[in-house]
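Given the coordinates of chain X, assemble chain L onto it according to the supplied hints.
The listed protein sequences derive, respectively, from chains X and L. Going by this note's numbering, the first sequence opens with residue 2, and the numbers climb by one from there. Going by this note's numbering, the second sequence opens with residue 6, and the numbers climb by one from there.
Keep in mind that the hints were calculated from the coordinates and are not lab data. A portion of the hints provided could be inaccurate.
Said to hold, decoys possible - Within a straight-line C-alpha distance of at most 30 Å, the following computed BS3-like cross-link-like pairs (lysine-lysine) qualify: (1) Lys209/L with Lys106/X; (2) Lys175/L with Lys208/X; (3) Lys98/X with Lys70/L; (4) Lys208/X with Lys70/L; (5) Lys111/L with Lys41/L; (6) Lys175/L with Lys186/L.
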Amino acid sequence: MSAEKEPLFSSKNLKLLTEPLNDSNPITVQVLGICSALAVTVKVKPAFVLAIAVVVVMAVSNVVISLLRKTVPPRIRIIVQLVVIASMVILVDQVLKAFLFDVSKQLSVFVGLIITNCIIMGRLEAFALNNKPWQSFLDGLGNAAGYGVILIIVAFFRELLGSGTVWGYKVIPESVYDFGYENNGLMILPPMALIVVGAIIWVQRAKNKKLVESN
Amino acid sequence: MENLVNIFIKSVFIDNMIFAYFLGMCSYLAVSKTVKTSTGLGLAVIFVLGFTVPVSYLMENYLLKEGALVWLSESFADVDLSFLSFIIFIALIASMVQLVEMVIEKFSPALYSSLGIFLPLIAVNCAILGGALFMQERAYNNIGEATSFALGSGVGWFLAIVGIAAIREKIRYSNVPDPLKGLGITFIITGLMGIAFMGFMGIKL
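The following block holds chain X by itself, in its conformation from the complex (with noise of 0.2 Å):
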């Protein structure tokens, strides 16, 4: 391993980064962290606050369980992550709580939820365990934008098409309701998210054909 000699942004350090965003997408590809995603997308700001939450307990915890790798027996190792990674949530929580307390009132138990997102666990196992922590860091990264970059697509859409807004702000002119445009009530309800994110998957599936299932 060459790696002290790369530059910190080497192009293979740099697709750890990129990747996630379309190719091994966490939500669309890798099937990982679906559970919080699609509770907190009915406006696009909780998604937004959410997504840059995750984006730090796993950028963090990455790094913390890459610099553990070598010391951390592997039959404890899940306990260790789920401690690292409980921590960090604890730490988001009560910063959210001071400082953005009506959306951590919104987003209720998914922030505690963010411990068991298994797009965590999952890169925690995959990735950090056997990287060095700047590359751990650069895919923590990525694969946490990936997620957050799809939350707020899903978000946009369901507030947009939903309550006509946009990051709480009226997008849809008063003049297209006169002309007797109605928002879609149905968006708003749970399980439109569901649909929303399988046309997000239709639409990437048929530009990028290699991303396609057999069965």
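Positioned in the frame of chain X, the structure of chain L alone reads:
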């Protein structure tokens, strides 16, 4: 008693873990290829939820909540440990899963071998931690209510995963557009099932 039945029905149908809160989605999508394995996983989830939520309830009320430590000494009346609840619950769940695994292995080897690898995986199933956190947020009055909520959520999860597995077994014979095959269509079916389950929403209990 009537109250317990109400909570049970409510958490099976109205507040269904999968269709209303998307909890446990990861294993739900990954394991729902055949009815047989998904039945096994569903049963294991009912089991673990039924154990962990009541124990978390005891933890919450005798250890974590503000003033919960009064039973030790009056001087602890304003100690509030609730910021520790994530770490306590996750440790509890991990050890409960281990315990349940050992108990099942000892007393029912047949069930143990049929559940196989799914038991340890349950530790990171968000439905379990979600159950514990919802229990904390909704502040049930006594341990009976918490237990009935836990069992109801487990049964709801079981129904959902067995249902989707049955549909996925059949959909193999249909002509789905290529980019939608596999994951995409599963999402959309889950969405449609969710809309169907919303039909229960008007029920007042």
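Okay, the hints, checked on the actual structure:
1. Lys209/L with Lys106/X: Roughly 25 Å separates the two Cα atoms, so the pair holds.
2. Lys175/L with Lys208/X: holds, 27 Å
3. Lys98/X with Lys70/L: holds, 17 Å
4. Lys208/X with Lys70/L: violated, 52 Å
5. Lys111/L with Lys41/L: Distance of about 23 Å is within 30 Å: holds.
6. Lys175/L with Lys186/L: holds, 13 Å
The structure is inconsistent with hint 4 alone, although it conforms to all the rest.
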